[in-house]
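Protein chains in written order, with full-length UniProt numbering: chain A, 1 to 153; chain B, 1 to 153.
Derived from the structure by calculation, the hints contain no laboratory data.
Note that this is a predicted model, so its numbers are computed, not measured.
C-beta atoms are modelled at their ideal positions from N, C-alpha and C, and glycine is treated no differently.
Each statement offered as a hint is correct.
With a cut-off of at most 30 angstroms between alpha-carbon atoms, the simulated DSSO-like pairs for lysine-lysine come out as follows: (1) B:Lys30 <-> A:Lys84; (2) A:Lys30 <-> A:Lys84; (3) A:Lys33 <-> B:Lys84; (4) B:Lys30 <-> B:Lys84; (5) A:Lys33 <-> B:Lys66; (6) A:Lys66 <-> B:Lys30.
Take a look, some chain A residues computed to stay more than 12 angstroms from chain B by CB distance: (7) Asp37; (8) Thr64; (9) Ala67; (10) Leu82; (11) Lys84; (12) Gln87; (13) Gln88; (14) Leu89; (15) Gly90; (16) Gln95; (17) Asp100; (18) Arg102; (19) Gln103; (20) Glu107; (21) Arg110.
A few chain B positions that, by computed beta-carbon distances, are all more than 12 angstroms from chain A: (22) Thr64; (23) Val65; (24) Ala67; (25) Ser76; (26) Pro81; (27) Arg85; (28) Gln87; (29) Gly90; (30) Arg102; (31) His105; (32) Glu111.
Number of protein chains: 2
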Amino acid sequence: MKGEQGNDSQLALDNQLCFLLYACSRSVIKAYKPLLDPLGLTYPQYLVMLVLWEWHDEAPQLPTVKALGSRLRLDSGTLTPLLKRLQQLGLIGRQRASNDERQVHLELTREGVAMRDRARHIPQQLACETGADLNELVSLRTRLNTLLQQLES
Amino acid sequence: MKGEQGNDSQLALDNQLCFLLYACSRSVIKAYKPLLDPLGLTYPQYLVMLVLWEWHDEAPQLPTVKALGSRLRLDSGTLTPLLKRLQQLGLIGRQRASNDERQVHLELTREGVAMRDRARHIPQQLACETGADLNELVSLRTRLNTLLQQLES
DNA sequence: GTAAATTAGATTGTATGCAATTTAATTGAC
DNA sequence: GTCAATTAAATTGCATACAATCTAATTTAC
Numbered sequence: 001m002k003g004e005q006g007n008d009s010q011l012a013l014d015n016q017l018c019f020l021l022y023a024c025s026r027s028v029i030k031a032y033k034p035l036l037d038p039l040g041l042t043y044p045q046y047l048v049m050l051v052l053w054e055w056h057d058e059a060p061q062l063p064t065v066k067a068l069g070s071r072l073r074l075d076s077g078t079l080t081p082l083l084k085r086l087q088q089l090g091l092i093g094r095q096r097a098s099n100d101e102r103q104v105h106l107e108l109t110r111e112g113v114a115m116r117d118r119a120r121h122i123p124q125q126l127a128c129e130t131g132a133d134l135n136e137l138v139s140l141r142t143r144l145n146t147l148l149q150q151l152e153s
Numbered sequence: 001m002k003g004e005q006g007n008d009s010q011l012a013l014d015n016q017l018c019f020l021l022y023a024c025s026r027s028v029i030k031a032y033k034p035l036l037d038p039l040g041l042t043y044p045q046y047l048v049m050l051v052l053w054e055w056h057d058e059a060p061q062l063p064t065v066k067a068l069g070s071r072l073r074l075d076s077g078t079l080t081p082l083l084k085r086l087q088q089l090g091l092i093g094r095q096r097a098s099n100d101e102r103q104v105h106l107e108l109t110r111e112g113v114a115m116r117d118r119a120r121h122i123p124q125q126l127a128c129e130t131g132a133d134l135n136e137l138v139s140l141r142t143r144l145n146t147l148l149q150q151l152e153s
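Sequences and hints are given; from them, build the entire structure.
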């Protein structure tokens, strides 16, 4: 009886971490929504655009679906329809690689590149809205990064 | 030009927190999967069962869909079909309240109560698998709780 | 060199999330 | 007391997530 109670509370405490991750993640996504609506993007679509914008700066070669999925931890079952929607929006293009026909390379259209300017204000605006301490947010980021590494190993 | 670069990196940093929340949350849910599969539960269904098990201990009156949604930050659009599945599985019952016909009260079936014994080992097992420091996890939980409060205010 | 194994994407099916609307019941204003 | 707001669930529609399967292309074993 006493043992069972102990197990239950331990379970609940540990559980609250996973639930808090789940609840915080959804809550942050909700906070993004009013900022992303004017761009016509969902949150996962916004993450894809962020990766493509970063790649656009750093690499001459554009990423494949595989490389994008590796960065975002999403598979083709999620990305294929999402990327088709971004293509419908005129933000990206998709090209089969000529040297390996299995791969699909992504590219930003002119509008896709241009949207970056309209997105630049978003992170700051969100940080202001939460009113959280910046050092606290950086510390949290570091800890979550460590946790993610542990979960993936 | 320099200003734009500064905005971009600031954006990327802040973004990594929201992305890490998103990635960690999904990664933790994946880690739960092999432990929940034997119970035939998905992760959101498991969260619902956790709330009902807690209520079962503490309150004589069973929660409504509204109260459950308030606890999990989920609305009826998500919960109604999920609860119907739990009912199909024979784990819960749903009863219209007689004093207010708009409300639906939830109850655990005998099997729903019994499943708790088969779920008790899950949190410990998961904590062991991640190999994370317990104090670290508690600290992270506290910080996420603070963040969630800020996001919801 | 060719068959088997592997790989990258696409597809299918199930289960969330959530905005928006609908329905039915209750409450409030007057 | 009655009609307008409000409320609790349910429903609808859209966009993820993700397991499982499929297809086509490439590698590997031999």
